[in-house]
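Participant: Chain residues, written in single-letter form:
Number of protein chains: 6
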Amino acid sequence: MAKLKSVWLQELTWEDVAEYLKSDDIILFPVGSTEQHGPAGPLGVDSYAAIALAEDAAKETGVLVTPPLWFGDSPHHLDFPGTISLRTETLVEVAKDVICSLARHGFKKIIIINGHKGTNNAGLITACRSLHQYELPDVFLSLVDPMYLARGIAHIKDAVEHHAGELEISHVWYKHPHLIKQEKLTGEQVNLEPLMSEFTHKDLLGKGGDSIEIFWNSREQKAFAPTGSFSDSSHASPEKGRQYHEYMVKNLVKFIGWLRRYEGPIGRIKQ
Amino acid sequence: MAKLKSVWLQELTWEDVAEYLKSDDIILFPVGSTEQHGPAGPLGVDSYAAIALAEDAAKETGVLVTPPLWFGDSPHHLDFPGTISLRTETLVEVAKDVICSLARHGFKKIIIINGHKGTNNAGLITACRSLHQYELPDVFLSLVDPMYLARGIAHIKDAVEHHAGELEISHVWYKHPHLIKQEKLTGEQVNLEPLMSEFTHKDLLGKGGDSIEIFWNSREQKAFAPTGSFSDSSHASPEKGRQYHEYMVKNLVKFIGWLRRYEGPIGRIKQ
Amino acid sequence: MAKLKSVWLQELTWEDVAEYLKSDDIILFPVGSTEQHGPAGPLGVDSYAAIALAEDAAKETGVLVTPPLWFGDSPHHLDFPGTISLRTETLVEVAKDVICSLARHGFKKIIIINGHKGTNNAGLITACRSLHQYELPDVFLSLVDPMYLARGIAHIKDAVEHHAGELEISHVWYKHPHLIKQEKLTGEQVNLEPLMSEFTHKDLLGKGGDSIEIFWNSREQKAFAPTGSFSDSSHASPEKGRQYHEYMVKNLVKFIGWLRRYEGPIGRIKQ
Amino acid sequence: MAKLKSVWLQELTWEDVAEYLKSDDIILFPVGSTEQHGPAGPLGVDSYAAIALAEDAAKETGVLVTPPLWFGDSPHHLDFPGTISLRTETLVEVAKDVICSLARHGFKKIIIINGHKGTNNAGLITACRSLHQYELPDVFLSLVDPMYLARGIAHIKDAVEHHAGELEISHVWYKHPHLIKQEKLTGEQVNLEPLMSEFTHKDLLGKGGDSIEIFWNSREQKAFAPTGSFSDSSHASPEKGRQYHEYMVKNLVKFIGWLRRYEGPIGRIKQ
Amino acid sequence: MAKLKSVWLQELTWEDVAEYLKSDDIILFPVGSTEQHGPAGPLGVDSYAAIALAEDAAKETGVLVTPPLWFGDSPHHLDFPGTISLRTETLVEVAKDVICSLARHGFKKIIIINGHKGTNNAGLITACRSLHQYELPDVFLSLVDPMYLARGIAHIKDAVEHHAGELEISHVWYKHPHLIKQEKLTGEQVNLEPLMSEFTHKDLLGKGGDSIEIFWNSREQKAFAPTGSFSDSSHASPEKGRQYHEYMVKNLVKFIGWLRRYEGPIGRIKQ
Amino acid sequence: MAKLKSVWLQELTWEDVAEYLKSDDIILFPVGSTEQHGPAGPLGVDSYAAIALAEDAAKETGVLVTPPLWFGDSPHHLDFPGTISLRTETLVEVAKDVICSLARHGFKKIIIINGHKGTNNAGLITACRSLHQYELPDVFLSLVDPMYLARGIAHIKDAVEHHAGELEISHVWYKHPHLIKQEKLTGEQVNLEPLMSEFTHKDLLGKGGDSIEIFWNSREQKAFAPTGSFSDSSHASPEKGRQYHEYMVKNLVKFIGWLRRYEGPIGRIKQ
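Chains as they are written, first to last, in my numbering: chain P, 2 to 272; chain V, 2 to 272; chain C, 2 to 272; chain Z, 2 to 272; chain Y, 2 to 272; chain W, 2 to 272.
Take these hints with a grain of salt, some might be off.
Chain copies aren't distinguished; within one or between two, either way the pair holds.
Think about it this way: if two alpha-carbon atoms lie no more than 35 Å apart in a straight line, the pair counts; the simulated DSBU-like pairs of lysine-lysine are [what the hints assert, rightly or not]:
id, residue 1, residue 2
1, LYS182, LYS4
2, LYS203, LYS4
3, LYS203, LYS255
4, LYS60, LYS223
5, LYS251, LYS60
6, LYS251, LYS182
7, LYS176, LYS223
8, LYS185, LYS4
9, LYS185, LYS23
10, LYS23, LYS223
I should point out that these hints are in silico values taken from the structure, not numbers from a laboratory.
Produce the entire structure from the sequences given, and follow the hints as far as they go.
Facilitator: See below:
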């Protein structure tokens, strides 16, 4: 396999991609959001997370990455200027179109890297489940999300992790230090229990006890979390970001390694 | 509040419902599936679960229940005869229509009881998030699922819980003993790790370590779980079903009690 | 053919269904509504009608029945609390998904039993016509509705039959006596002619002269039929319900018998 | 009211229409089809019917007519060259767009003239019911169809009326004599009972006994009615066409007269 | 090839069309609009243009024409009474359905004649591009529009051509003299530059310099062009209409001639 | 107005954006594609073009830019590996969601920069026209495309400009020299006239004579332009790229300046 000059699809010519497909069939698709992340974090936090994970895992394994999708499913942040939200239905269609285009070229193993913890998943799962059942039964589809991939490293944080929390702020701080406003980091934590009963989720990366999903909208969020941050980010640091990032990249690299050798049945059943 | 003769909406007249709405505004909407549950469980397992939880929580608290939706999002079971699957997009629209109808009458707090562990959630979350942001900002919407509501009772089971597992079989056994084929219960457990890497989900109700979502279709499932059961159900029993059921009903009753007293901000922000 | 323990799909295992499909390929799909039926009739009238017809015809002929769809197309009743209405587009998609799931398993002759006289038909016809032309040319699809199936027994009623009328009230009274509020039966008849010109439909089951379709909405209906009943139900009785029910079941049994022997061309043309 | 030089909207300027709207608010919308009508009838039969009824009723009453929609819902005729079929969903959207445009200008009473007996109704009813409930509660919408409007004149025909039957052929013959191929009129009648059971519809305009709807597609129709005609058209004549046409125009004129004076509640409820 | 008695599909029987398809496979589909064209032009201007071009080119070349679509994409004219606008999405679906119906019969070369300069193109291009890529790769699809087809004759006009301009008024005047209100022709020209910057389009048929697309709605149009006309039509004449029309028909005839002999690759690649 | 540290929305916090909106209301939205551009150009050519134009115009004028959309409407390139195409319907929805999010925050003047010459326009026009008519009548929407914005500089090129032509290659060469494979530049020009008749478009930036739109798909394109390039790019150079880029930026800066001072009626009509 000829070494490509970039892991990013957009920097290659179609002939480069044709060359790659002779010996490999894995590609990563980073999906983020443009969504407020409190007074300290830039609107691109989730996109930067997805891009960093995809790029570094790709560089280590030699797989390709598509251009990122900078927009995700963020309606409950729309009362904070700058948030751009796709409706879930739109996200489903974008994901389907990207995956179908890739599958047509012969990419057989597609890994979506969702940087937007949890909230993009309804749309991305809808797209993948439907495509894999009805249209692309032979294409392996998977979905990676820090919320589930980083449980084993959650212990490094000092605070409860919710929106704009310690780890996601640390992650961007590590990768793009100039984009974090350190003076705006906060020690405040929104207490969710009076708002959402004792059955609220305790921590995005945490283990969690009995819970019930409650839906809130952007006006409500603006009311109960007026700065946009739900979580204590005062313990964030580039070093924690580095550990968090490297832990996830290591997991991703392991997964890609497994996937390279994997022969099914997922994505390999004769229909 | 006059005592209604039934908790089920379909058994009441519109005048009964008008009467109820004078003093209460909570309603439960049970959503199940018609989907294979192995050789021992009937196709209606998830619907029976949702119906039983809704009915018993309603009887204890005096709230109303809509008729159940017997169909859910089950594409990966379609290679097993009798499975009926709605596309996720269809489930979204049904949920939206039901919720909008209820909201129009003045139901202000709507609780969906999803008996179809996890798999309906993409559609139900899509419907609720979108409605609450754009169309029904003043209506409280929540989603209950045994997968999250019963974590605290998971310790009573002896086996790993996946599709057609010990607890869901026990649940229906307790409520509808004649619908479980006891002679078809099985001690076999599908080993998911070779199929889906070390990052597979370990247990539907379990705590879970680092995980990555992999999508499989009905042909693949038929190949790796040819009986339709993923899990050891040999330790199932009506007694475990009773404990599991009562634990969840107790949680639901507690949640409904909290919701009766709750005054916002969720569902109560002036727009 | 082994005798199944139930005609209801949800009570069977997938292996039971596989067994059934070895020797038969007919299934009934009952579709109702949750819609006000005046002060005397429960919201489930149309669903109870569809369920009763399907269940009794199935028991007599040994065919299977899917779980019922409790929700139908009822926008013009939405000003009466408790009515739940699917948009026609949603009903189309649900019907398509259910039928496609069944067809995939090998059900080749599907009979929809619509208990919601007339009003569900736009959606159900749209689904069936489209599926049979474009996606399922080899699957026989048909639609049964009391409004057309019971013309021959219409003479037993004393009053004009419109919404919440003598026969549909009698039908539920016969099957579920405790669900009819006898003290709320009414001798009043809404006079439709001043509302909708001389070209109004004279009787849901009647022969009818020249007519023009006029569309009314729920506010208008609440204005011209404030109790929710259009029709004189004072002559309703369980006995009339029995005759009406048995007449339709007899017709259905005859039709199923014909369909068992029928070999096309409908549903049997080589494409 | 100034006399307009044409009843057809497309022949007027916007100022003419503005003038009309000062004193009137009724408009007719003719919807036809482009669909085979056997060897003797042109593909435009249903459109010619709708156009003729609308134009003549408009001339007699002084109301306006929109340009016709030449395409309808005709999937089951697609195996006959020249048939152009809109999917039902498309027809719904066209009808909604036309009606919403008209309502915006102040047309408050819209009458759809469907020349395509029955088959367009699923789409047209879906559009009207939805619009009138949700978007245009103050606009009176109605749907006219020869199948229902001409029952009182059905006795003039000698044969059973089904597709390409005696009356619809006569109708076009009367209006456009050069478009009927008289030498291709046929005495043959497709016997529907063996094809669709004893519960088949007996006559499009007839009274009908117990019936069940069966869906057939274009391949099946080509097989059981290879000439495209279902009905004996040998008794068709321009004279019957004239009687049939004038009877319907008389009914329409009566209806428009009633509608001019009608003050609600349909289309007049304060929301 | 037997000479057909009409170029219009709706006037022929299906057997006539079957006969035509034995030796030819070209058909024209005229798409217009019903949209205000100032105080002098009728609402049907664009439809008349499409019809006239299609009919005359068809007569000269012996190809068929479908019935016209009288409705187009005209939202920005909706503040002028009589305008009927399809949403772009609706236009896409109508065009797809018509084209798919034609393709099914064996028409392999379909030419859309868009009389509604430019504004229908978003929808028509969307339909054609999608169909030709995904569903009808072997069917040749093309789109003709006076705005592009008549550049070579633009020199005959004296004024800048915008909506309701000299050439389109002349075109209808030539074909339907009684539909133009000569006394309402106007010498006024809306000056678009202050409204839309120096980057406005200078002339619908003109060459144009650097330009930027600005979107205006019907309220804005009513404000800046209150008569509905943008352009000086005082130099319009039937004679200019004749030259304009004949020039385009000549081009169309030339194109149809080329298409008759053309063997691909467009529409002829083995997939 | 405080100087922002970046023109890119994703690099700012929501508080930065709130600050910006106090004194300005213009934002640019760059839309590109990921689409083959021959053997010399990277797949991201159109995205790099949109990004470069937006960023440099923003820096000069102090307005904001949203993150780019890297995917566009490119079905006819799908036979070249690496191309990712959104269906037009998907592009419409993405554009609507982005614009609606921006409008909600108070951005009143939105300029889309389409780097994907022409081909994205059907979708982008559909989105903008519909939004501005029906949902955002007070928001000024405009669409910039090099194909129309750079006509005045077209004279600097030596060859006819079509896909992967001299100017677009030069543009990326100037901005990202390492992404152009100079050794793969080509002197070959696809002759479009035999493929698409004499009515083919002569040059993407050219004036053009009489033309007719013909639709080709990816298989056909692969057949007639097997390298993916349509055009002679041998005269491309970073210097031409610079001139081309600066010409367009200058135009954009002029337009933004005009827009800052512009007070309507577009985007300023009281509804």
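Participant: Hints first: check each against the structure and report whether it holds.
Facilitator: Each hint tested on the structure:
Proximity of LYS182 to LYS4 under the C-alpha cut-off of 35 Å is restricted to the inter-copy arrangement: shortest distance 16 Å between copies versus 38 Å within a copy. Taking the shortest Cα distances, LYS203 and LYS4 never come within 35 Å of each other, neither inside one copy (45 Å) nor across copies (37 Å). Proximity of LYS203 to LYS255 under the C-alpha cut-off of 35 Å is found in both arrangements, the shortest distances being 29 Å within a copy and 18 Å between copies. Taking the shortest Cα distances, LYS60 and LYS223 sit within 35 Å of each other only across copies (31 Å), while inside one copy they are farther apart (40 Å).
Proximity of LYS251 to LYS60 under the C-alpha cut-off of 35 Å is restricted to the intra-copy arrangement: shortest distance 12 Å within a copy versus 39 Å between copies. Within a single copy, LYS251 and LYS182 get their C-alpha atoms as close as 28 Å, and across copies as close as 34 Å, so both meet the 35 Å cut-off. For the homomeric pair LYS176 and LYS223, the shortest alpha-carbon distance inside one copy (28 Å) is at most 35 Å, but the shortest distance between copies (41 Å) is not. Taking the closest pair of Cα atoms, LYS185 and LYS4 come within 35 Å of each other only across two copies (18 Å); inside a single copy the shortest separation is 43 Å, beyond that limit.
When the C-alpha separation of LYS185 and LYS23 is checked against a cutoff of 35 Å, the pair qualifies only between copies, where the shortest distance is 21 Å, while the shortest distance within a copy is 49 Å. Taking the shortest alpha-carbon separations for LYS23 and LYS223, only the inter-copy value of 19 Å comes in at or below 35 Å, while the best intra-copy value is 51 Å.
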